[in-house]
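Number of protein chains: 2
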Amino acid sequence: MNMWTNPWPPLEILSDEDVEAIDATALRILEEVGHRVTYPRTLALLRDAGLAIDGDTVRFDRDFIREAVARAPSRFEMRARNPEKGFVIGDNHMVNSPTGGAPFVSDLDGGRRPGNVEDYIKLIQVAHVSPQIHCIDSGIVETMDLPVASKHLDMDYLAMRYSDKPLMTVGATYETSRDAVEMAAILFGGAQAIEQTPGVIGIVNPASPLVWDDRMLGSVHALAAANQALIVTPFLMAGTTAPVTLAGALAQWCAENLAGIAIIQTIRPGCPVVFGGYLTATDMALGQPTLGSPEWSMSILAGAQLARHYRLPFRGAGGWSSAKTVDAQAGYETVMGTWPALLSGTHFMLHAAGALESTMIISAEKMVMDLEVLRMFEWMLDPGLPVNDDTLAYDAIAKTGPGRTYLRASHTRTHHRSALYRSELASLEDVNLWRQQGSKDAQIRANERYKRMLAAYEDPGLDGAIDAELQEFIARRKEQLAKAR
Amino acid sequence: MNMWTNPWPPLEILSDEDVEAIDATALRILEEVGHRVTYPRTLALLRDAGLAIDGDTVRFDRDFIREAVARAPSRFEMRARNPEKGFVIGDNHMVNSPTGGAPFVSDLDGGRRPGNVEDYIKLIQVAHVSPQIHCIDSGIVETMDLPVASKHLDMDYLAMRYSDKPLMTVGATYETSRDAVEMAAILFGGAQAIEQTPGVIGIVNPASPLVWDDRMLGSVHALAAANQALIVTPFLMAGTTAPVTLAGALAQWCAENLAGIAIIQTIRPGCPVVFGGYLTATDMALGQPTLGSPEWSMSILAGAQLARHYRLPFRGAGGWSSAKTVDAQAGYETVMGTWPALLSGTHFMLHAAGALESTMIISAEKMVMDLEVLRMFEWMLDPGLPVNDDTLAYDAIAKTGPGRTYLRASHTRTHHRSALYRSELASLEDVNLWRQQGSKDAQIRANERYKRMLAAYEDPGLDGAIDAELQEFIARRKEQLAKAR
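Top line first, the protein sequences correspond to chains A and B. The first sequence begins at 1312 in my numbering and counts up by one. The second sequence begins at 1312 in my numbering and counts up by one.
Only chain A is shown next, with the shape it has when bound in the complex (with noise of 0.2 Å):
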């Protein structure tokens, strides 16, 4: 298995009092607001369910909520081709993907420009050789030169192509995370392998506040149906998709996680889910989002800790930024948020590495900055600070003894390199020598250590026969979608 082990107890910032309080709303919401739901399947399920339904207003009673939410598992696993590579969603464990759904990208070299699939799969290799990122996001960026109707298709297969880690589907409608639920099924051995232990991940949002449409809902039936992993995760920006204050916004993300959970527990009982989302603070001037801003900051220690009320594995994200470029902005802002999502004990850190202005752009220097990041709190999970006579070294202080360096010791011989951490990134050197090499800030450092990323990747294959299956299932998906238009 590839993840994290989290051993820090989580800080908890809200009281026990306050997370009753927010529970309450959230069950008030539920029951008395309600959702609209516009898909006629689901309305249908819920009316049979015996929830009161008005027009396509849906009212969740608690005890429907309470009884659907407490047949989701608090933990389950994810399949990768390379079985090393799976891994636990929940315990104390923490994964991490890439930032997904950009519509840009951006290096040094080529500047700000659309998705494209060259792009596309650099940043999948890259995901690839990083150890820090455990999951691969098969929407790391758009392809914008790719056919709308059919794209789902090349990104699933591609990243299940170039790496052979979890995979997060970029499916958001019935057909298109039917199709990655097939191309799962063609990739680990059939339908019944997957239902037993997910293939694929698919991220299920509501249409923030309190709908769920008839696209999304079209993707949870098609991934719960097969019983792959959902991440449930409102958008909510403070002000705008969800009330100002951010007691208001909890309960509406409680509320829409719950509502979102419980159909699709009652689609299928049992399937995997994740409570998640993403509650930063908007810019009232501006009209934008603030990433890695305190709002940010609080909401996913608060998240997590009602995600633990309710027993569930708790999404939250990390290395984000409302930044332009990678200046200090980006590393005060994307560090700002890691650590919460470490703190918090997240479960699952979706855009932990790339994401700059806000999400609209992955940007590859960005990318290798945030790498170096989880790597420093990866060497803090592990091996943490142990303590032993070893470590302790009396005898290493005896003999060194008052006034003189350690520099020579057989002490620090023997321990330096596995005692401390080796930056890939960092500049350490003095400003002299920092300036003969040309002084070069951390965006141009991590530009040069993409290629160097980028250079040492390594195929890991793809089995021919399954390879050829997937290729056959595209070409006649591909057929019937241009026939369908």
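Just so you know, the hints here were simulated from the structure itself, not pulled from any lab data. Don't take each hint at face value.
Put simply, identical chains are the same to the list, so a pair is met inside one copy or across any two.
Listed below are the simulated EDC-like cross-link pairs for lysine to aspartate or glutamate, each with C-alpha atoms no more than 20 Å apart in a straight line [stated by the list, open to error]: (1) K1762 - E1323; (2) K1462 - E1429; (3) K1710 - E1343.
Start from chain A and add chain B according to the hints.
Positioned in the frame of chain A, the structure of chain B alone reads:
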């Protein structure tokens, strides 16, 4: 009183057994290895206290250490000449001080240059106008253009003159610290006043490993005799001045603190002290310290935990970096260190703003960036995440309803100013607007803000009679120092 209150429980990364093992090793170092103590006055004092002394090697027995350390208060107050700006060091409070001791200063306009009086005054002024800075460091930058023998008088005076916040003195010998005490007595109405509540804080460093030298012990004696506050600050680089393994470095950190604090408590029982230090790694290839590294993050969490074991306030550090410019590295390293300051329950955060190049320079733009980071934390601590009927916003949620926006809700209009954080530095606008406005990265924006902060400085004034007395004292001391040469 002017300080932060930190509501978060500390993140403890050491087990109780780890703490016991580190403490036991520290005591063994104190008893069996001992310290070199090269100041006759301290040696005499310790001999009188019954310690075993062999040449200049002092072996501290554990009962002596424990009894002496138990005399130190676990909290104390500091004076400010503006009574509203005094603060508490201890309990769950936190105060921030800018970086200190940098020989160079830098800004985008003038580049990197030796510290000088003109920049010194500007930096004191910016620290004064920054609500996130609670303590003024009279060593905020070196003043290379002042005579070495007497510049401590000018620096302490300028810090007293241009700010009315509590003061950290640059004094670091018997004479210079004695001068600081006398000037503080003039500023605060006499020796008795500052004896009751300290008027000045001094930093005292052992020459690690395990040496307390005559210069620094002179400062210890001058400050402790007058009951002024002392922060004991070993400068530990794992692999150079401390064992390469963090556990051993922590044991040495404790030993050096306990020796220093025991000396202080022997000079003056009950004297306010802070368990402090600086433990980071050495880049073994370059021989450079690595600031903002994960070793630093871990050591600050562990160091604060050890200080709690001894029931002493803890001095950490935060916003620093090994970067050479205000780039992404400066951003991410800074926040890698600032979170642990908050999470560890650090009481006094030195180097909270301005440090680049591993504290070789104070950068105007870095200072502004760090102040923005501190503002973000301040917002998280207060108001935090209040949960009540008003913030839960049920009525706003019900009234807005599914699929509509909160942008025009009356709840949003009522609360958005208080509910949301407003950045003074970040680029939040979209990329087109950002380009129209000159594609300014965070460093350029920080430069602009630095100038606005300077322009906003308002002179707090200084009582004419006190000013005259300080000037007279300084003139007399300069005359004496000139004669002594």
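Please flag the earlier hints that this structure goes against, numbers listed from lowest up. 1
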